[in-house]
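Participant: Spelled out from the first residue to the last, the chains are:
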Amino acid sequence: MNKHTITHRQLFFLILQTQIGVGILSLPYSLFQKAKIDGWISLFIAGVIIQFSLLAIWKLCDRFPQKTLFDFQPKILGKNLGFIFNVIYTLHFLFISVLILILYNSIVSKWILFETPSWVIILIMASTGAYFITSSPREMARFYTIVTPLLLILLGFILYAYTGVHPLYILPIGEMGMRTILKSSQDAVVALLGFDVALVFLAYTEGERSKKIKVISYASLCVTILYGFVVLTTFIYFNPEEIKIVPEPVLYMLKAFSFSIIERTDLIFLSIWMISVATSFICYFFLAAKGVQKLFGLKNNKKSAPYLAIICTLIAVIPNDKLEVAAWNKYISFTSLLFSALFPILLLIIAVLRKKEDKGAASS
Amino acid sequence: MTFFKKPKKLTQVLQENQEIKEQNAQNNTNQSSSQITAQNHIQNEEDEIVVEEQMTIEELIAEVKKPFSNTQDMVTHWINLPSDDSKIVFLFLDSIIDKSILKLHILNPFFELKKDIDLLSFEQIAGLELKKQTDFTLVPQLLLQSNALVFTQDTSCYYSILAPLNTQRDIKEPDNEAIIRGSHEGFIESMTMNLALIRKQLKTPKLTIKYFKLGSETHTNVALVYVENIANPDLVREVERRITSIDAEAVYTLGNVEESIEDKPFSFFPQMLSTERPDRVAANMMEGRVALVYDTSPTAHVLPVNFFTFYQSVDDYNKRWHIGSFFRAIRLFSFFIAIGLPAVYIATVSFHFEIIPFNLILLVKGSLEDIPYPPLFEAMLMELTIELIREASIRLPTRIGTTIAIVGGLVIGDAVVKAGLVSNLMIIVVAITAIAAYIVPSNEMSAAVRILRFPFMLAAATLGFLGIVFGFIVLLFHLCKLYTFGSPYFAPLAPFKIDDMKDAIIRLPFWKQNKRPNDASPLKRDQANRTRKWDRN
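Heads up: the protein sequence lines correspond to chains A and B, in order.
Read in order, the letters of the first sequence are residues 115 to 478 in the numbering used here.
Read in order, the letters of the second sequence are residues 185 to 721 in the numbering used here.
Among the clues, some could well be false.
To be verified - With the Cβ distance kept under 10 Å, some of the chain A side facing chain B (calculated, not the full set): (1) Phe166; (2) Ser232; (3) Ile238; (4) Ser249; (5) Ile260; (6) Leu265; (7) Ala370; (8) Ser374; (9) Ile375; (10) Ile376; (11) Ile382; (12) Leu451; (13) Leu452.
Simulated from the structure, these hints should not be mistaken for lab results.
Beta carbons are placed, not taken as given, at the ideal position from N, Cα and C, and that holds for glycine.
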């Protein structure tokens with residue numbers, strides 16, 4: 115099965131690129147809604163929480179070397195329950211892909227293409243995904259590696275904001291109290307989702323086991339720091355009254371900058387951001403396809419890819435106004451919190467209790 | 185055998201058959217001392233009579249000539265040995281034989297010996313110059329490979345001598361790969377000469393050459409060349425496997441071979457490097473790649489290649505390294521300009537005019553205002569015009585070609601703006617794009633880039649920046665996914681190898697290039713470059 119293994123470095127970029135996605139634009143706004151200007155603390159707390167989930171995921175995959183989530187679930191939970199949970203996880207990954215499509219569509223139709231029908235915008239992303247998942251994780255990881263330097267450009271744009279910041283805006287720190295801060299870190303976890311793809315990609319990674327956990331936790335750490343930087347920057351760029359009315363603070367911030375060679379910086383930012391969204395989408399889409407492959411006993415993704423792309427597109431065009439998008443966002447975020455962050459821990463506990471382990475492979 | 189001794193009649197026959205001068209000269213010089221005669225195949229009637237009357241050698245000749253019974257350049261040349269009256273026969277295809285070689289090696293020794301020659305002494309001479317053959321099924325093949333055959337009365341065997349007609353042109357600098365400094369040698373249409381040029385560059389006993397014959401009718405010669413202790417044996421085996429699996433009646437051009445053995449025939453990107461430069465081939469072979477040299481073509485193939493091989497030029501290594509690096513980077517940048525610039529322009533003026541800076545907006549608006557057509561149409565019109573001019577000027581002699589370029593470029597460009605069909609800015613964009621597309625040192629890559637620009641323009645016209653971004657995503661992923669003979673095409677960028685960047689995007693100095701690039705998986709990675717030893721301490 116693992117003819118197309120990936121290296122540690124490639125795993126790092128896979129996780130990094132999957133975690134950075136749609137969330138980066140609206141995260142400051144959603145954090146501010148609950149925790150006000152202490153939102154950035156929630157984010158860093160979420161970053162710590164994620165490390166625990168990652169540890170569980172790593173431990174879990176470590177017990178079953180070279181086995182993906184879909185392979186070891188039936189072993190831990192028994193054949194029937196395992197099958198049911200494989201179906202659930204396949205749907206879960208599919209719906210995260212759909213959610214990414216929905217949010218991407220809402221941003222694109224709001225900021226770039228106002229009159230293009232949404233199915234066109236969604237279909238172009240879905241068909242790109244279908245092209246990607248016909249290949250192995252190795253080629254995907256190579257692609258993710260070469261597009262990562264583009265993030266530096268995004269970072270450069272955001273750094274430009276420091277020409278007009280007011281650091282005093284984030285004071286007083288801890289105004290909202292610990293409880294609110296903790297509560298809103300739930301939103302932050304949702305924005306940081308993407309580390310759960312390690313459940314499958316760890317199986318493709320070769321090399322030392324102790325290095326794998328380092329790699330995935332560094333990847334999450336990098337993303338947490340990057341997000342923290344973005345959130346902090348927007349919090350000190352806009353005053354607290356302004357953030358209330360800007361749902362995509364990063365873009366509004368960039369829109370204000372104009373250089374002598376480029377007027378609307380946000381359009382350039384969005385173009386590069388689209389690549390990050392595509393990488394997140396493709397990863398989850400790949401996972402969903404892997405699930406389908408396991409469930410139907412297919413040889414590879416080539417045949418299922420176009421059908422999955424069409425299904426994703428059909429579901430993603432359903433919500434057509436802001437409120438529906440928000441509702442979908444809420445429900446799918448909740449389930450993903452459950453299945454991506456919490457369930458792996460539960461699964462690990464069950465595996466430990468039932469002493470399920472892939473011993474033959476572990477010794478090698 | 186009466187007519188063999190009538191040279192006058194013979195001369196007439198020869199004139200009729202248009203193989204006049206050399207034969208005549210030969211006859212004239214040799215007539216006094218001998219009685220050589222030539223007979224052309226055309227005189228079949230006489231032949232048949234002879235066969236009926238005479239011995240087995242005539243039967244044999246008739247039999248051997250059967251596959252060539254209709255071709256008129258088949259020459260049968262009978263000689264009566266004076267001493268024992270035995271006959272020997274020369275058989276060759278006149279069009280591909282250099283008769284002076286035959287004269288030098290066979291006929292001259294014959295007649296310089298004053299004493300009479302019998303069959304025995306002929307065979308003694310023959311032993312020196314000729315190869316003895318016994319397999320009669322090889323006859324057509326030997327004839328087609330510029331061999332002259334000699335039959336004697338001993339019909340159990342025959343002799344062959346290789347006497348190819350020299351059809352080579354001079355070694356010149358290839359027109360499409362000219363460089364400023366360095367060797368100006370280029371391949372020609374002869375495989376032996378091409379191999380000699382490669383050997384001239386790599387004087388190592390490890391240089392290995394394997395010959396293949398392609399096409400059951402054409403017998404095109406192909407040589408697989410590699411350096412034994414560097415090229416990966418798996419790679420060599422894979423290339424051999426693919427070449428030997430070619431099963432066709434005719435393999436004319438290297439394009440046929442290329443299409444038969446490349447990995448992804450539907451990709452726009454060239455998967456082998458075509459070059460006419462022996463130094464480029466040699467340098468690539470020292471990196472562990474293998475080369476295919478063809479007998480009928482001055483172009484050799486290098487494989488496996490990566491994307492950046494196409495952007496390397498021999499000139500880079502003869503410049504100061506900073507300057508070489510700068511031009512290498514410019515070339516790679518031109519890839520994105522050639523593909524993306526018209527698309528970005530279309531997307532900007534038709535979707536995202538907000539990103540045009542304030543000072544420029546009036547200028548752009550002024551230029552575009554009176555143009556009746558959408559930007560996509562403008563761009564297509566001009567790009568296609570450029571392609572037309574290019575295609576027209578390739579086939580024309582240089583002098584007329586320049587005229588076409590001036591008429592096409594200047595006159596059409598100026599007139600089309602004045603007529604109000606295309607905007608000024610579009611002309612600038614198209615001109616820059618056209619220049620950028622020709623910066624690539626490889627013609628195939630340049631063609632790929634020129635084709636790719638059209639889908640990008642369409643994507644930009646339908647979806648703006650979104651279309652361009654997804655275009656580039658798919659393009660880059662295609663490059664990541666592409667393998668040539670098992671090695672990744674987009675190496676060293678994907679998979680990322682910082683070591684191999686030294687000769688990909690930039691060119692570091694020679695003394696820094698200690699390791700061979702990894703993508704062709706060479707047997708030895710160390711290049712043993714220790715060139716600045718004197719500089720220690």
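Participant: Decide, hint by hint, whether the structure agrees.
Facilitator: Now for the hints, and whether the structure bears them out:
no., hint, verdict
1, Phe166, "violated, 31 Å"
2, Ser232, "violated, 12 Å"
3, Ile238, "holds, 5 Å"
4, Ser249, "holds, 5 Å"
5, Ile260, "holds, 5 Å"
6, Leu265, "violated, 15 Å"
7, Ala370, "violated, 13 Å"
8, Ser374, "holds, 6 Å"
9, Ile375, "holds, 6 Å"
10, Ile376, "holds, 6 Å"
11, Ile382, "holds, 7 Å"
12, Leu451, "violated, 29 Å"
13, Leu452, "violated, 31 Å"
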